[in-house]
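Novice: So you can see what is in the structure, the chains are spelled out below.
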Amino acid sequence: MVEWTKHDLLDLSDLSKEEIGIILETAKSFKEVSQRDVKKVPALRGKTVVMLFFEPSTRTRISFELAAKRLSADTINISLSGSSVLKGESVLDTAKNIEAMNVDVIVVRHSSSGVPKVLADGLQASVINAGDGCHAHPTQALLDMFTIKEKLGGIEGLKVGIIGDILHSRVARSNIWGLTKLGAEVTVCGPSTLMPIDIEKTGVKITFDLMKIIKTSDVLILLRLQQERQQDKFLPSIREYAKMFGVNKEKLQYAKKNVLIMHPGPTNRGVELSADVADGEYSVILEQVTNGVAIRMAILYLLLGTKGMEEDR
Amino acid sequence: MVEWTKHDLLDLSDLSKEEIGIILETAKSFKEVSQRDVKKVPALRGKTVVMLFFEPSTRTRISFELAAKRLSADTINISLSGSSVLKGESVLDTAKNIEAMNVDVIVVRHSSSGVPKVLADGLQASVINAGDGCHAHPTQALLDMFTIKEKLGGIEGLKVGIIGDILHSRVARSNIWGLTKLGAEVTVCGPSTLMPIDIEKTGVKITFDLMKIIKTSDVLILLRLQQERQQDKFLPSIREYAKMFGVNKEKLQYAKKNVLIMHPGPTNRGVELSADVADGEYSVILEQVTNGVAIRMAILYLLLGTKGMEEDR
Amino acid sequence: MVEWTKHDLLDLSDLSKEEIGIILETAKSFKEVSQRDVKKVPALRGKTVVMLFFEPSTRTRISFELAAKRLSADTINISLSGSSVLKGESVLDTAKNIEAMNVDVIVVRHSSSGVPKVLADGLQASVINAGDGCHAHPTQALLDMFTIKEKLGGIEGLKVGIIGDILHSRVARSNIWGLTKLGAEVTVCGPSTLMPIDIEKTGVKITFDLMKIIKTSDVLILLRLQQERQQDKFLPSIREYAKMFGVNKEKLQYAKKNVLIMHPGPTNRGVELSADVADGEYSVILEQVTNGVAIRMAILYLLLGTKGMEEDR
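Protein chains in written order, with my numbering: chain W, 1 to 313; chain G, 1 to 313; chain S, 1 to 313.
Some clues are possibly wrong.
Ranges between beta-carbon positions, derived for each pair [said to hold, decoys possible]:
| # | chain 1 | residue 1 | chain 2 | residue 2 | range |
| --- | --- | --- | --- | --- | --- |
| 1 | W | Glu32 | G | Ser13 | 35 to 43 angstroms |
| 2 | S | Asp209 | G | Ile238 | 36 to 44 angstroms |
| 3 | W | Glu32 | G | Asn258 | 38 to 46 angstroms |
| 4 | S | Ser57 | G | Pro236 | 49 to 57 angstroms |
| 5 | S | Gly305 | G | Ile206 | 48 to 56 angstroms |
| 6 | S | His7 | W | Ser57 | 37 to 45 angstroms |
| 7 | S | Thr5 | G | Pro236 | 35 to 43 angstroms |
| 8 | S | Asp209 | G | Gln227 | 54 to 62 angstroms |
| 9 | W | Gln226 | G | Ile238 | 43 to 51 angstroms |
| 10 | S | Thr5 | W | Ser57 | 42 to 50 angstroms |
| 11 | G | Gln227 | S | His7 | 33 to 41 angstroms |
| 12 | S | Ser16 | G | Pro236 | 38 to 46 angstroms |
| 13 | W | Met195 | G | Gly114 | 42 to 50 angstroms |
| 14 | W | Glu156 | S | Asp279 | 44 to 52 angstroms |
Listing some non-contacts, in silico: residues in chain W with all C-beta distances to chain S over 12 angstroms [said to hold, decoys possible]:
| # | residue |
| --- | --- |
| 15 | His7 |
| 16 | Gly46 |
| 17 | Lys47 |
| 18 | Ile76 |
| 19 | Asp104 |
| 20 | Met195 |
| 21 | Phe208 |
| 22 | Lys251 |
Just so you know, the hints here were simulated from the structure itself, not pulled from any lab data. For glycine and all other residues, C-beta sits at the position ideal for the given N, C-alpha and C.
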């Protein structure tokens with residue numbers, strides 16, 4: 001079996017099919033830990049994991065924080081909004097100062113693409129990309145793949161539709177990388193103004209017809225419409241978007257039986273999907289959240305190369 | 001002896017006299033834990049307690065956080081002010097996402113009455129109400145009752161005066177429920193504009209005469225005047241309030257010997273009470289704070305139904 | 001050997017030469033802990049350490065937080081900016097309420113000089129000054145001394161130059177106290193408008209000539225120019241300051257071989273020092289950060305007088 005050798009997790013494009021497989025397999029056993037009465041293993045005892053968030057994100061932050069705590073690591077939260085980043089000091093300087101406190105992992109989220117790579121190149125600590133600009137969000141894609149595999153038994157040969165603002169979506173980008181590498185056939189769908197030029201080069205198909213993608217997909221990944229980004233006039237209106245690309249129960253009648261409805265959260269109910277679809281029988285949105293902790297435990301565990309998953313006495 | 005069976009703590013009105021007794025008794029042994037050299041027991045090891053605060057409150061948050069940590073639980077703080085609650089997602093949606101990370105307890109504070117109940121109805125995790133709107137603040141009332149019982153040996157038959165803004169006070173409401181259930185005679189006192197209509201139906205007496213309540217009470221609970229709420233012109237001025245309903249040393253000469261002066265904090269010195277009363281011989285305000293941690297440990301412990309209070313090696 | 005008896009750490013002026021020696025010696029063994037695979041000792045298990053920050057400071061806060069966590073203490077972060085301090089309640093009232101939760105140590109930072117002393121006088125919990133106004137920052141000075149001693153073998157007889165805004169610098173003030181007590185010869189250098197009157201009375205020399213201090217010093221401590229304070233027109237311009245008092249590679253050619261370049265951080269690259277000096281061979285800036293955790297572990301350990309540094313099984 002392939003051994004894990006990576007020191008950072010920046011993007012799925014850095015990982016082989018086998019390495020993705022190792023993460024998904026490791027996450028399986030960690031999912032079981034979070035279902036125990038005592039949700040804690042000593043694997044990372046005495047390690048320090050820092051959440052360095054330049055962009056606010058309650059959910060991703062607490063998912064990583066819980067993952068680290070359930071592995072018995074010490075955790076530190078640092079939330080630096082744009083204004084509080086210190087003048088005269090670069091992001092790398094800030095990170096080097098944090099690292100100098102003998103920190104093992106820095107989980108970084110930043111609104112600029114490429115920041116995690118800059119940190120990984122300049123630091124000895126392991127760096128995990130928790131979302132950078134419109135570039136990548138590898139742990140989200142991994143938890144999506146984990147969820148699909150768990151629900152449908154595998155990924156190879158599946159038809160996956162990704163619907164929404166493809167242009168600005170790091171979730172879409174990372175999922176495209178991962179899912180195509182594992183053999184899924186990915187189709188993207190969204191308003192033409194929110195579709196990146198040359199997206200076909202990543203190996204996906206494009207459609208602008210929502211009903212077509214609904215009818216043919218085994219999995220539908222609905223992207224969050226980040227309304228704060230729509231000031232740029234990519235869309236006539238949110239209502240128009242909801243009408244054309246929102247998924248509701250009526251449209252879903254035409255879907256394959258057992259289609260999976262996924263969403264990285266937080267959902268805009270009434271926009272990307274109706275409330276009854278979000279809470280409906282095909283939705284695995286909350287299971288994605290559950291699996292997110294397991295994926296992040298797996299990654300922390302693999303990056304720190306620690307032995308000793310046996311239960312703490 | 002009655003066994004604890006409740007899954008949530010929303011309001012004292014849900015609890016029987018016996019259940020309140022169990023909480024107070026359990027808190028007694030947890031108070032001792034916080035006085036040890038090693039203030040920690042393994043009772044909730046591997047459990048996850050989330051403080052989900054939609055309204056800022058440093059004190060209540062750290063009281064719960066310390067309670068959980070001294071029981072060895074993992075803790076997560078989430079502070080969401082009005083503006084950062086995500087559009088398109090309800091409070092219950094947010095909580096369900098948090099719960100999906102295999103969380104055991106959600107401690108919630110919200111400016112709207114009823115939010116804890118909505119969460120409790122929709123979640124499997126235990127919900128603790130840490131204050132909702134003008135509705136209830138059960139852990140505050142429990143720590144008040146604990147303090148009274150500890151200081152005066154019991155609650156039955158005591159005369160308790162609650163002074164201040166009864167209308168907006170969740171502390172008053174919860175204390176009225178609990179204290180009358182345990183057999184105290186409760187009288188409320190405050191400006192008529194801040195007195196709820198039909199308050200007598202809760203089983204209390206009303207007076208608008210501060211000196212009368214001072215002379216006859218065994219316990220005086222002074223409520224915080226939330227000055228931010230006084231924009232609604234309930235009061236001519238803060239100064240007027242302080243003169244008519246503020247308790248100072250001079251007025252306290254007429255009180256019963258050994259009267260207890262209580263306040264949920266933070267105090268407005270010079271408004272509800274003078275500094276010399278706050279720091280004086282009758283004040284048990286800081287002991288209330290100490291007892292708050294014990295009460296919260298007891299509740300977390302009871303809700304999670306965990307055995308094993310024995311000291312960690 | 002002298003025994004440690006102090007209950008608080010407010011300023012280096014309270015400490016004897018021997019007591020400083022104990023701290024530096026204790027920090028040495030704790031530095032080793034942070035280099036282990038398992039960075040954790042059980043020394044302060046079941047103790048509660050509160051970071052009470054009235055002034056934001058990510059770095060100092062996480063340094064203390066990590067120090068406490070690596071000693072197995074429970075930690076609580078409280079960040080109160082000016083506006084959120086509760087009206088009607090003094091800083092001491094706030095601290096007494098926190099202490100009432102059976103807290104062992106309060107680490108306090110405040111923009112007003114003297115706040116830590118007020119707390120220490122009024123509380124039973126140990127108080128550590130993490131920076132108060134322009135007054136003192138003892139842990140910073142201790143980590144500076146630790147770094148100098150580690151790099152140069154001792155402090156006695158060394159020539160130390162402190163360059164920058166001496167007037168507003170608590171770092172300068174604490175370093176002057178500590179370094180002169182340990183027998184160093186300290187010279188301060190900066191714009192005359194930023195030089196305190198009568199600074200010579202603290203036992204230091206003054207120069208306004210940067211090249212002179214560069215040529216003669218074994219250690220150069222560059223202070224952060226707090227640009228937010230320069231609205232008071234102490235300086236013609238930042239650019240002028242950088243030209244006259246900024247240290248760059250060219251000026252450093254005239255320094256002693258093996259000079260140490262120190263800075264309390266965060267650095268203003270291009271102002272107090274050029275980027276190539278900050279990252280250059282003489283810079284020990286990141287080692288200062290590393291040593292900061294060790295110093296803070298030592299102080300927490302000494303103040304709480306706990307035995308048991310042996311490794312947790």
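Novice: Taking each numbered hint in turn, which are not upheld by the structure, reported in ascending numerical order?
Specialist: 2, 3, 4, 7, 12, 16, 17, 18, 19
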